[in-house]
Amino acid sequence: MQRITKFIFKFSVCIISVLSSGVVFSQQENNTSATDEGQEKGVPVDGVIRDASTGEPLSGINVAVPNYSATITDDDGSFNINVPGLTSAILISGEEYQTKEYALRGESSHVIMLYEAGYPSFYDLINMPTGPRFQNKIPFATATLKADESQYGLSVNETVGTFVQGQAAGLFVTRRSGSPNVGADMLIRGYNSLYTTNQPLIVVDGMIYDDNDYGRGMIENYFISPMSNIDVKDIEEVTFIKDGSSIYGTKGGNGVMLITTTRPEDLSTKIDFMAFGGFNQEPNELPLLNAGDYRTYLSQLLISRGMSQEELGAQPFMNDSRAFSDYYRYHNNTNWQDQVFNEQSYNQNYYLKVSGGDNIGKYALSIGYLSNEGITRNTDLERYNTRFNADLQLNPKLRMLGNISFVYGEQNLRNQGLGSNSSPLGLALTKAPFLTTNIRDANGNLSPNLSDSDIFGVSNPEAIEQNGVGVNRNYRFFGNLNFEYEFSDALKLNSLLGLNYSKVRENFFIPNQGVANDTLSNGVVRNRSGSEIQRLFTLYNDTYLSYNKASRLHSLDLRVGVRTQSNEAESDYGLGFNAATDDFTNVGAGTNALRRVGGFLGSWNWINAYLGTNYGYLNKYFVSVNLALDGSSRFGSDAQDWAVGIGDNKFAFLPSVAGAWLISSESFMAESGVNLLKLRASYGFSGNDDVGNYTARKYYVSQNLLGMQGLARGNVGNSQLQWEVVRKANLGVDLSILNERLSASFDVYSNETENMLIMEPVNTSSGLEYVWSNSGSMKTEGYEGSLNARLINQELKFDLGFNASHYKNTVTGLPTEEILTEFGGATFITREGLAPNLYYGLHSNGVFASAQDAAASGLQKRMPNGELVPFGGGDMIFSDINNDNVIDDEDRAVIGDPNPDWVGMLNTKISYKGFTLDAIFNYSYGNDLYNGTRAVLEGMSGYENQSQAVLNRWRTNGQETSIPKATWGDPMGNASFSSRWIEDGSYIRLRTLILSYDLPVFSEAIRYAQVYATGNNLFTVSDYLGYDPEFSAGSSMFAKGVDVGLVPQYRTLQLGFRLGL
Amino acid sequence: MKILNKLRTVACLLGVCLAFYGCSDSLEEHTEVTDSRLQKSLAQRIAEEPELSEFNAALEESGYNEVLSASKSFTVWAPDNEAMAQVPSEILNDSEQLERFVANHIALSSFSTDMIKDTLSVQMLTDKYADFLPAPSIAGVNLSLADQFASNGVYHIIGRDLAPQYNVWEYIEANPEGYSQNTFIASLDYFDLFHVEQAGEEAGEGIDTLARNEMLRKYDLEDEQKNFTYFVMTDEGYKQEKDKLVPYSKRGSQDSTQMLAQYNVVKDLVFKGIYTQDNLPDTLTSIDGVKVPVDQESFIGEPLELSNGIVYIVDRVDVKLEDKLVPVKIEGENPWGFSHDRNDNLFYREKTDPSGEYFEDLVARNHGVAQFAIHYDASKLYSTTYRVYWRAVNDFEGSFWQGLRIGGRYEVQEDESLELVDVIATYPPMEVPPNNYDEVFVGEFNLERAGDIDMVSLVAENNSSDRWNPLSLDYLMFVPIIE
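Top line first, the protein sequences correspond to chains A and B. Read in our numbering, the first sequence has 566 at position 566, and its numbers run on one by one without any break. Read in our numbering, the second sequence has 478 at position 478, and its numbers run on one by one without any break.
Be aware that a few hints might be false.
[To be verified] Partial selection, computed: residues in chain A whose CB lies under 10 Å from chain B:
| no. | residue |
| --- | --- |
| 1 | Thr296 |
| 2 | Ser299 |
| 3 | Ile303 |
| 4 | Ser308 |
| 5 | Asp320 |
| 6 | Lys492 |
| 7 | Ala854 |
| 8 | Val950 |
| 9 | Ser1022 |
Hint data in this document are derived by calculation from the structure and do not stem from the laboratory. In this text, a Cβ means the ideal position worked out from N, Cα and C, and glycines have one as well.
Start from the sequences, fold in the hints, and give me the full structure.
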């Protein structure tokens, strides 16, 4: 391997020298050609430019051959221009119209149709890591999302992550939950790694944006997603680079998401103001048992616990005498979901953008305010954001681009998830409905005081909502200054200096009153508090030399540079317990003996030397070569594969090459009617450096033994630890026909991860459970396509877009036979030859209708004491895979796959006069989900309230049903992790529907005025038996598809207006 | 591929109206109750069963159909119409009896036949228990149709009714044969035999009469969870036994003497557990330690099997007086009071004697009080002469002397001083020699009236020197003399 590395390294050094000599050569050639041919020479070309919808000729449109000639169309839309040759392409651009590169293909007379600006087209100028390029010349698989009018009408719930969902083929976005600002899990082309991050690299305005949560998390099942604080309205463009991302070295393995924020376009001063208001609707509640049905269930269940009938009859909830002092306490019918959800909650959003400037300095300033009440009570989000982008010409040679943003957010949150005694929603689903929120006296009068935790040891969700505290306050300064020195038109030197400083402060308090006591190893906990501060400080620099030159035959972009990033992250937390009263809510008020403090310190550095070259020949043949040499403080000093040693350090060498052939620009395609046809191919290496800051080294952790503090070895240092390598290959085709009314892309790819990080189990005598090693490998193959069509192209315009993506993961190498992981009650298996993290459990086939049926099956279950107990009537029928008549872990099999077969999006846009209707449907097909919520709500093993499905539970011999019997503690494992809880997670959702109308404007001062009506999550079609089929309980792949009972997504309706001055 | 079908529907209906109302029909489908039997309550199910029309009429009559519509869960063993025809009409026509009759066919929580492993003892709503056996049968009646379920429970059809049996207490109260023994026990409800109310033990409404009943205080004859064996004597034998005890039960009046004598007879006629005729021993011991002879010859007829016991009717249970009058033991370590507050000088000891026998006693030392006294009481003594013994262990000092006084009470005089009156007997200080572990005879006293002695006092020497005034007592024994 080392030899290959060296060989490739040497080879690429050669390429670099050849390319650099090419630069010199082409410069010379350019010089000669310019004198040889001159302006007057060349071939004359004429044509007419028309509007693609109306057919009207367009005047005032720029027609140019860059660095050669330029003209403007006449009133009748006609133009004459001299071009270097008929193999060239002309660039056409005009205000309010698309920019288009038009290949002459040997013809000298043309009719060219132009669409309005924003029309999805392959000629868009998009931002790439090496600078802006026309998409038709890019040999990589990319997808771009451009700012669009509809972006302004988006629901306030949309964050960057959710906004891009479905918008690009190959992008797999899972919105995490209905908590405001919680963001989304994002994957480009599926998984590349088991234990390291699978999220793409996010680059905002040229600087790497860290979207990680560096905390321990004070609020259960809430994720901090800094990226959610970027206002979607500030985004001008998002480009996804799905392959060949090796220019970002060991950070590009999962693809790259380049975000460009809004920049000043022209010099006139423009003011955009927007105001929105709307409301969020309560999700459809899960059908739970009412008080009567719950009591029936309980009176049956408790007997199976061994309670005598007399004890059962003596339970206070069984006493129906009104004279009984606790009668009113236990005779209510409370819909706890109603107590937790806001029937309606309100949101508002204001946004102001001012842009303008002069020929020396241009600026764009935006400020925004957002407030959004959560769908569960006493949760909300308030956010203030500001962004200042400037473009200053300091002197004729020196230019400075500035991007500065500051965001402050404050959120009230509560714990989420089932099984927690402090999560209002989890409690609402499981708390006995015959109880009520407030204390009731013997006469039934309702007290203003809240009920305490009940006889079942379950907290009052109302107490946590009202008297609990859960606050997240955060701010982030993220900005950079990019100095550009122009040596010549072709040669520029840039240096981008960036700073990221962010702080997150989270604290919580769980009161004593109304909440069940908790236990620690050394005490009973009455009330709890916690506080955490996270800090992230990043200094970033990207210094590069770029060279851009185009001639009649050749074009060359070249960028060579060095990026450095140094990071410091810190988190400190304190947990307090048993404050004297519920009025003291901070950690310091807790008992000294129980207080716990802890934290995390991380510091890591990264350096990345890179080269990106794009070479084009005859505007038809394109080659790009990207190289990176990466060093990181995280890598082990003895890294071997693909490693280049410089001094004592090991560097990752990651090259990639891509080529494209623009077939449609060939002369033989002139009569074909094909507007664009491009073939793309790429092959290259990227890496993943998320291997842990100190995993390669030996470290010690503090440990407490019987009150003595000491240090213990924290890991087995692995000096050979290195980055994961992802080998990416891609083949793609882009096609546009019928005057661009129909365009399509299709890509097929293969990503192979080598040196995949694995937690390898080690001998217990080492005192440690595992060691990190680069001993796995995985392969992801897939294909994706997208289609855009303008179906009606008149005054009424009807656009339809569709995309679909598919991937298939296969683990190709593991150091152990299999890896079993547990999350939220689900077990996953990862085994060579299979997709990673498949659901692994028992296979259930219904319920034994009678004891005779059960006896006939001969199946038994081994109890914890070793005794074999036969299954009886009303027990689940589990498949006995190993045919030993005993149902146990040996009978587990793969019962589902959380990965979808297909995800994608269908969008339509209909515009007529001033009206525009945008609709975005997104879908996921073929993914399985583990319905952990249902496993609790149909588990029938304890005091938890149950779903109405258990009304069908098995009662007596001979009853045919799919729901087993209720037994305390579920000794036969009827509710154990099995295919009973695995559900089809396919869904299609009308995610966004925006109707906008351009009001007629009569004043010169007003540029435009628009009103919007927006609906978000209007409907979801799914067979999923939970609140919502889309959720994510963690960004790790081992948490995928597990429903732990998060706050569901909900419907939002809002109205707004937008005014331009 | 339900989703595909659904998509087709959606495609048809894709409009605003659908857009605003999400479809969650999968969930509705999943939680729908499909089995029509589970949509009905037990009351509805039984009402629909033609075979149970008579029982259903009884349910409606007694109001239990409402209970069976309630949200608890129940099991009903419903007698079919044939069985209901056999039920005596007086039960069916008397609302109180009917209620009990119906209640004895219903149990809280649902029991299906698959839950029976061996014997399932089921408590009916009358609180009476019945055995549910895997046969399947309930209280010996086979189920003709088992395991019919409804939303709130299960019912089984049986071919014979489960009319409730008396428990021992109900039997005594009902006293179908009219025995005076039963009449007497029931009458104790209204007679505070040992003045428990005066002693301040009783309070509250509703419970006083039963709690006052000395027999019920001693045995929970109405507890369905317990089992008893009870002997009833014919009036003749009962009278003979009573007369035998009259001399030892003397009270202030003739009436109360008769009452006490009767009580002293009946208190030893109840035994815990069921002794069927096959396993009845020839002697039973009552909880007071009285040996009671069982003479099968004197049994009259078959024993009565009750819901919580068995009753034997006998000519006479002839308990020997020497067995009846058992000695009374007063433990030294259980005093009720002291003449002076000297807690620091009391030693509650746990020791073994030289033979290895464990004992607990009380020693008072170094209290510095002349005539320091420890007070005990003795209850329910017979009116007879008692011989008094003690065991006082002195393993800490040379000989000392301690006295004993039986009876007496303090009376407040006009000058507000206290004077001891009504002393039954006073024994002068007796030597307590070192290391004597034997029982020592102290003296005799004669009790005129049967009943309690509230004060039995162990009194130290009239000397405040610690050397001479210790007290020690393991126990006092009052042995009655039969005249």
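Evaluated hints:
A least Cβ separation of about 5 Å between A:Thr296 and chain B falls short of the 10 Å threshold, and the interface hint therefore holds. The criterion of a C-beta within 10 Å of any C-beta in chain B is met by A:Ser299, whose closest approach is roughly 4 Å, and the hint holds. Contact between A:Ile303 and chain B, as hinted, is supported at the beta carbon level, the nearest pair being about 4 Å apart and thus within 10 Å. Interface restraint check for A:Ser308: the shortest CB-CB distance to chain B comes to about 7 Å, inside 10 Å, so the restraint holds.
Hint status for A:Asp320: holds, given a least beta-carbon distance of 7 Å to chain B, under 10 Å. Proximity of A:Lys492 to chain B is violated relative to the hint, the smallest CB-CB distance being about 51 Å (cut-off 10 Å). Given hint, A:Ala854 at the interface with chain B, holds; its Cβ is 9 Å from that chain's nearest Cβ, closer than 10 Å. With its C-beta approaching chain B no nearer than about 9 Å, A:Val950 sits inside the 10 Å limit, and its interface hint holds.
The interface hint given for A:Ser1022 holds, since its Cβ lies 7 Å from the closest Cβ of chain B, which is under the 10 Å cut-off.
Hint 6 from the list above is the single one not met by this structure.
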